[in-house]
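Trainee: Based on these hints, arrange chains L, W, X, E, H and U with the ligands on the given structure of chain A.
Protein chains in written order, with the UniProt record's numbering: chain A, 1 to 131; chain L, 1 to 117; chain W, 1 to 503; chain X, 1 to 158; chain E, 1 to 91; chain H, 1 to 137; chain U, 1 to 770.
In short, the hints are calculated from the structure, not lab data.
A hint or two may mislead.
[What the hints assert, rightly or not] With a Cα cut of at most 20 Å, we get these calculated PhoX-like pairs of lysine-lysine:
1) Lys2(H) - Lys89(E)
2) Lys102(U) - Lys368(W)
3) Lys92(X) - Lys92(A)
4) Lys114(A) - Lys89(E)
5) Lys151(X) - Lys125(X)
6) Lys454(W) - Lys31(W)
7) Lys424(W) - Lys536(U)
8) Lys156(U) - Lys435(W)
9) Lys154(W) - Lys760(U)
10) Lys140(X) - Lys98(A)
11) Lys140(X) - Lys151(X)
12) Lys140(X) - Lys70(X)
13) Lys92(X) - Lys114(A)
14) Lys136(X) - Lys125(X)
15) Lys23(U) - Lys368(W)
16) Lys103(W) - Lys454(W)
17) Lys454(W) - Lys442(W)
18) Lys59(H) - Lys2(H)
19) Lys760(U) - Lys26(W)
20) Lys31(W) - Lys453(W)
21) Lys440(W) - Lys103(W)
The structure displayed is predicted, hence computed values, not measured ones.
For reference, the chains in residue letters:
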Amino acid sequence: MNILIGIIITLGTLFVLLAAVGLIRMPDTYLRISVNTKAATLGIGLLLVGVALYFYDLSTTSRAFIIILFLFLTAPVGAHLIGRASYFIGNKLWDQSKMDDLQGKYQRNSHILKSEIDDTPEDNVDHEKME
Amino acid sequence: MEILLAILIGLLYAAGIYMILRRSLVKLIIGIILLGNGANLLIFLLGRITKGLPPIIPENSEVFTEAYADPVPQALILTAIVISFGLQSFAIILVKRAHKVVRTDDLDEMNATDEDS
Amino acid sequence: MMQHLIIYPLLFQLFLSIVLMFFWNKINAQKIISIGGSIIAVALSAYVFYFVWENGTQKVNAGDWDAPYGIVFVADTLAVTLVLLTALSGLAVSVFSAGSVIKDRLRFGYYPIFHFLLLGLTGAFLTGDLFNLYVWFEIIIISSFVLITIGGEKAQLEGAVKYFTLNILASIIFLTAIAVLYGLTGSLNMADLAGKVAAVENRGLVEVAAILFLVGFGTKASIFPLYFWLPASYHTPPAAVSAIFGGLLTKVGVYALIRVFTLIFVGDVFLGEILMVLAILTIFSGGVGALVQNNVRKVFSYLIICHIGYMIAGLGMFTEVAITGVIFYLIHDIMVKTNLFMVSGIIFKIKSSNSMRALGGFYANYPKLSLLIFIPLFSLVGIPPLSGFWPKISLIGEGFKTESYWTVAAIVFASFITLVIIAKLWAEVFWKDAKEIPEKPKFEYFSDLNKTKKTQFIVPIVFLSLISLYIGFGAEHIQILSARIANELMNSQQYIDTVLNNS
Amino acid sequence: MKNRFVSNILLTFVWVVLTGDFHVSNYLFGFILSYIILMVITRGSKKAKYFTIVPRLIFIILFFFWELIKANLEVAWEVMTPKLNMTPGIVKVPLTVQSDAGITLLANMITLTPGTLSLDVSNDKKVLYVHAMYIKDKDKFIAGIKNGFEKRILEILK
Amino acid sequence: MTLVEYCRIIILPVLAFSVILILVRFFKGPSIADRIVALDLLITTGIGIIGIYTITSGSSTLLDTGMILALIAFLSTVALSYYLERRSKKK
Amino acid sequence: MKTIILRTASNYLLPVLLMFSIFILLRGHYLPGGGFVGGLVAAIAFVLHSFANGLKNAKALLKFHPGFLMPAGLALSFFSGLSPMLFAGDPFMTGLWYHGHVPVLGSIGSALFFDIGVYLVVVGVTLTIIFTISEAP
Amino acid sequence: MLLAILLGFLFALLLVFAGKFFKGKFAVLSSLIPLGLFVYFLQFIPEVMAGEIMKESYNWAPSFGVNLGFTLDGLSLLFCLMITGIGFLVFVYTSAYLHHHKYLDRFYGYLSVFMAAMLGLVLSDNVISLFTFWELTSISSFFLIGFNNTQEASRKSALTALGITGLGGMFLLAGVIVLGNIAGTYSIAEMLNMAPELIKGHQYYSVAVILLFGAAFTKSAQFPFHFWLPGAMKAPTPVSTYLHSATMVKAGIYLVMRFTPVLGGEEIWNTTLIIVGGFTMLYSAIHSLFRTDLKGVLAYSTISALGILMFLIGMGTTESFTAAAVFIVVHALYKATLFLTTGIIDHQTGSRDVTKLSGLRKVLMPVGIAAIIAAISSAGIPPTIGFLGKELTYEATMHAPIIATVLLVGIIITKILLLWAGFVAGIKPFQGKLPDNLKDTKMPGPLMWVPPIVLAVLSLVFGILPFIIEGSLVKPVVAALGGESGEIHLALWHGFNTVFILSLVTITVGTILYFVIKPSAKLETSIGKLEFISPKSLMERFNIGFTYVSSFWTRVFQNGYLRNYVFIIIFFLVGMVGYTMVGSTKFNIDPAILSNISFYELVVSIIMCIAILFTVFTSSRLSAVVAMGVVGLTICLVFVFYSAPDLAMTQFSIDTLTVILFVLVLYRLPRYLKIQDHKMRIRDGILSLLFGGMIAVLALEVLSEPVNTEIGDFYAKNSYIMAHGKNVVNVILVDFRGADTMIEISVLTIAAIGVFGLLKLRLKRTDRVQ
Ligand code: NA
Ligand code: NA
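Excised from the complex, chain A in its bound form (with noise of 0.2 Å):
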């Protein structure tokens, strides 16, 4: 039993420490922030998958089943937000990126998002790529 959560935690423990190396090495910000939220993610819930599954109790088991689920409800809408932020402020694309469909549909002052660029661009959220 032990050696299967020390196998769990490990791995755990090794996702956790690709999310921190990812965030050093990516280029832009929003690679970063697509690194972290899982990687730590799932790190973090084999981690304690690893933990309920060392005390073995139900109260134990509750609280780190509720730690994932609370983690996997709020990540992705923090990513989601700091990303948009990202945009808007100005943070711009690896320059090895493809392409940036958003590029031109977000209105700058009322943030309305459109689905297709329409006929006032001078007032979209417009960067080139990074230098």
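Mentor: Only chains L, W, X, E, H and U with the ligands this time, still in chain A's reference frame:
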């Protein structure tokens, strides 16, 4: 760990005072918050830190059977934290209002009430 | 129920605050509740005072947990005296507020906060627990923050930023001191600490803790060089607020110093000397500060500092007679300073200014009011037999006995400079011809007020002036009281025994 | 009405798990508590057929975890290898799901799977903008989402 | 090596090391959004550390703290994003 | 912030957070938690809601001004502190306990009501502060 | 006696409410009070002559040793009679002098208070009550001098007078307290009963003497405190007459006389009095030459006379005491007369400039008679009592215990100059030709001219019949001073002796001088050139200097810069604590008590450390806020590591809320200032680090002390069993220390109300600063 904590507490106090000594309203608040944190940690440290059980009596037991952390400093800090929260919120708003009315962030320019009038 | 009597004043103020909050938008109801409540509070405090006077020091264990484990409220003579004085000032200012504080301010919780402040003061005087004292201090400073900023005028906010910062700083230092003391002794109960601190072998650490307390409380008491927040802010809020501040806020710092230095850190020579030096500098700074001010309220603010010096000096001498003088002065000063800031309020209401240069003509136009104001003014100076005179006998006499000549010189200097300042103020504000101050449009002048409001301005001043006169002419009673308090303070074993159930 | 009842039961369950106390009284308490909370917060009513959902829900969760692990490994590889072989970008994904809940669920699932991040939904709810690490083929990528998560979500919400 | 020892000697240091890496990003920024992301990950990792710490200390009560962290950490992100948005609107 | 994702998520998170806050409140006497943290969590729930759906919406949800919770909570705490004086002749803040085990809550005593008062005050205070700030120009 | 004193106070109180009644015709009725009192005191003469001492005592504040104890002996009686007698005449005179004045009632009020205070002063046996009355005379004199308070000059001289006499009051306060501490009693009678060496041999004897002299010299206008008195001439003439020649200024003389038997006889006592008195008499007698204002001349001659009195008391012989006693009477009579006549001249002609007044005998004959008699008395020409006084003075000086010849020369010169002054004030305005502009001068009503006549007549009567005052006043006074009253025999004619020759010389030289030196504006200007070294101008310069120092001191400390305030406070704290810690604590940090450091703890510490530094040094506000979030998180982890889950939870929730708060207001807040002041940063940095270092060392030192967990253990033991809770921290919060929590939630509530008010309350412009 005590040595590290003592240094950190010292650093919090130092940073707090240093920030208060700057001339900016925002830094003033940050300084106060840092000082508050320092004081809380100081109570924690001087109440003697231990890695025993949290001060929660285990299930199926009426008293502690193992070593436990002193609950008193914890309760004191809890009170202090909450009080600081009240004061800090007030401070933040005070600064916002002061900035709006006095129209400066420079504390050096807020000296009219000390002048003879 | 009788055995819990001593915390009734405290519970009652809390009750009042809560009730007042439920009447949030009903200003007139608030006025009635506050004034009526304050009268009851005076009655309660007076009864508690009487009870303690007759039966000696009382205590209540909150939560029924014995000291030093629970929080204990202790009513010795000093505590009940200050509680009574708080109630008296509270009543006066409550009435004065009804007349003088404008509607908009009342609509934003003036009265509940005012009673919270009184609650804080009452609690601070009654508690026997150091951390609990900290919490009471916090309620005092947060309510004073709110009161000092209420209305949010430019000057108020500027003053408030300084008031706020320095008071918070003091609180944090106080908290640091508690941490050190708890770390050394593992106790928070002041009576318990008395014994435990005495048993600590590392006296240097005890001294450091004492200094931390000195700085923390000293800032609240506004002693040199910690007083800066006071002249920067006390003249900015409405007069009613200044009145309660001027009367009681610094005094709670003095109270805490007295309590701590007579109970926990007893008889340290080094500290006594420091206190004495600080007292001299406090007196000097306050005196010369008041001398060069033009704003009436700023003059009073600096005089607060100056006179705090008396009390600190007496504490520094640390003899029973000196402490008697300190207590007498404390009693006198609370009444007079509260009164004087109300006076500044009425002056402002009449002429829409507090500048001595701009004011004048009061004696010609308001002779009876002037004579009324004469009482607190010259009580402050300590012209015998008015109230401020008596404690000087004890303080100067002990100054010679303890050979602290510089302190005596400082006390004499303070008396003299107060005389000069008040005489100057009298000449400027009351004697000098009235100057034409351009009328402020829509300013509600005193003469525009209806009779009720005028009464609400005058009655509290008369009330406190009568008390001041009583303190002066009935000095014997006050002296007996002060002497008993000093005796209790200097022989703290009785306090300790009461709290810790030793027999 | 039904919706509320279902939420109520679900919340009761959450409560019981939360407290770890499985006595009847605790169910009752949880029920009352959640009833009160729902009463406080519910305005208007949203319709959903909860009882058909459950099996599909389980399926989608399993699918989700599978995606999660798969993509995680992919990202792990990317991070560990010295060279960055990504072809990132922001892709506009047209939406078939219309309900707020559906869109949110989809967006969150996309975000939780590594390599992709739902940046925003257009105000007319027609498109979802997704940032992805590997866009070899835009259409293929879009199709992957539409046939994967979205299809299953649509099934649940049907 | 018992599991507890394993956690203390290997897992916790590795997690701590991860935290240092995250902190590096926190410093490098370059944009404030990167710092917020770093803070977010820091807190998430903190939950992990707390989890492992419950194993090494043997007291599962500490996991309660993790619950709070998991639930409200996200609110900082919400608030900070909210701020960034409002600020960018103002420009 | 008008985002569908946040709005929808917060609609689901709100009840969960509120329930969680009460959970934290009630277990406080036995396990970590209590009125403070519980109150903070509840307040945070509403704050989140106000971020997602706008302040007006969040206020409408509450149906009364959050400031009202402050005197209410204070009164509750005050009277639970006072109750031993009124009913048992014990000092202020003495615990009055109903002897016997009550399901879910464990022992019921004045301390519980005191803690509920704390909870209400904390919610009231936090929301008053944050709502006021959000409204301020 | 108490009633006699209270009468004046009661009358003043009555005037506050019924002043109108006394403003009109009935004003003169108020003089019945001093008259009644005068008669009352007259009836004590037989007892006093018999050597009896009347005593009365009322309890007041026995805890202080203060009672209202009154003693009536010869000295008191002399003063009482002067106070009430001259008081009566002044009251009468005033009713005409200030006829129909708007504030006549107030004037009478002040006069009554003053008279009462003066009576209290001379009757008090208890030194504290003596001090009380002393201060009351200062205050009432403040009001009297400032009676015309809308004039700036009046206010200024009132303030100066109060300043100087107030200063004296402080000396007296300190003096009587020292004396009380030396003697162990505040009662003068009891001090007299003590063995003299107990007091005179005490280490604080000279302190007490110097303090008492400080009081006496200021009140009695001795050099260098004399200058307030000429200034006080701004007051209406009745005040000058009453306070500044006859009574109040003699309070200092009274004080010295009163304490002569207690403290006198020692060298410091006698020498100081002789030197100060002697210098004063000469200095101001010379000064009187240079005045053209009649009141100015009188003021300086008054100071001179007060100097003579001090000088006489200082010699400490029976002869000198006798001379002093007589001279008090002499001076009171002639000086009051001259003031009153001067007042009449002023009142009727509108001028007091002696260079412009002459020939007034033609229009103001009765006044002239009074003035001339007074002038003769002041010159010491027989048969006035002034002659007697001068003879006694010379006699006493000739037998002075030290440097008699020098002193004699001094006193003769003084007397010559005083003769000049008396003639200038009493004769000059009436002799010569009446200028045209004064031809219409009218005689005042009898209420004004009778009082000076009465006084002048008394000067004559006492001169011719000295036995009237010999037994009733002089002997008892000398007895009260401790002299041998048996030796005294007053007679106008003492025989043709040295003293008589000296008298003749004095009169002759003085008269010649009177005809040689005429008061002139030129002379007045010439002395004006020396003004800058006069005590008055020195005092004024001191005032200016002191005000400057005050402003400077206040500006240095209260300079408006918050950061300076914080700096000073922390500097003070660091200094004090540092001094103590370096001085008296041992740096015995015990490594054994410290737990070892795990890697993850180290990492958390490093993170906290870096985050703190980042918070401090980042240039972006938002980054600082985020970094504070990191600090909060690490603190939270520390709490977790050391078994404080409740704390960790609360800390984290509150940190999150703080971030939210910040964020909500941050974009309304200013950006950081860009201020580059490296010196300041370094200074602040050093202080901050010292402060932080001090706290850290302090923490470690405390940790090395033994630990006491008694209270925590009690809580842990009873938490479940007695308080029915298992989370001890929570049980502490809601039960063991529930009172804290009750207050704490109140604090939160107040903060919320404050925030609400700060943000929602907007005062209308008109309501500002109300
Ligand atoms: Na708790
Ligand atoms: Na209890």
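Trainee: Check whether the Cα positions of Lys59(H) and Lys2(H) lie no farther apart than 20 Å.
Mentor: Measuring from Cα to Cα gives roughly 17 Å; hence the hint holds.
Trainee: Are the Cα positions of Lys440(W) and Lys103(W) separated by 20 Å at most?
Mentor: holds (19 Å)
Trainee: Lys424(W) and Lys536(U): Cα distance at most 20 Å?
Mentor: holds (19 Å)
Trainee: Compare the distance between the alpha carbons of Lys151(X) and Lys125(X) with 20 Å, and conclude whether the hinted pair is satisfied.
Mentor: Holds, at roughly 17 Å.
Trainee: With a cut-off of 20 Å on the C-alpha distance, tell me whether Lys760(U) and Lys26(W) pass.
Mentor: Holds. Lys760(U) to Lys26(W) sits at ~17 Å (cutoff 20 Å).
Trainee: Hint check: Lys114(A) vs Lys89(E), CA-CA at most 20 Å. Holds or violated?
Mentor: Holds, at roughly 17 Å.
Trainee: Would you mind confirming whether the straight-line C-alpha gap from Lys102(U) to Lys368(W) stays at or under 20 Å?
Mentor: With Cα atoms ~16 Å apart, Lys102(U) and Lys368(W) stay inside 20 Å; holds.
Trainee: So if I understand the rule, the pair passes when the alpha-carbon distance is 20 Å or less; does Lys140(X) with Lys70(X) pass?
Mentor: Measuring from Cα to Cα gives roughly 18 Å; hence the hint holds.
Trainee: Is the hinted pair Lys92(X) and Lys114(A) satisfied, with a Cα-Cα distance of at most 20 Å?
Mentor: holds (11 Å)
Trainee: CA of Lys92(X) to CA of Lys92(A), is that 20 Å or under?
Mentor: holds (17 Å)
Trainee: Straight-line Cα separation of Lys136(X) and Lys125(X) no greater than 20 Å?
Mentor: violated (26 Å)
Trainee: Would you mind confirming whether the straight-line C-alpha gap from Lys156(U) to Lys435(W) stays at or under 20 Å?
Mentor: Measuring from Cα to Cα gives roughly 18 Å; hence the hint holds.
In this structure, only the earlier hint numbered 14 is contradicted, and the remaining ones agree with it.
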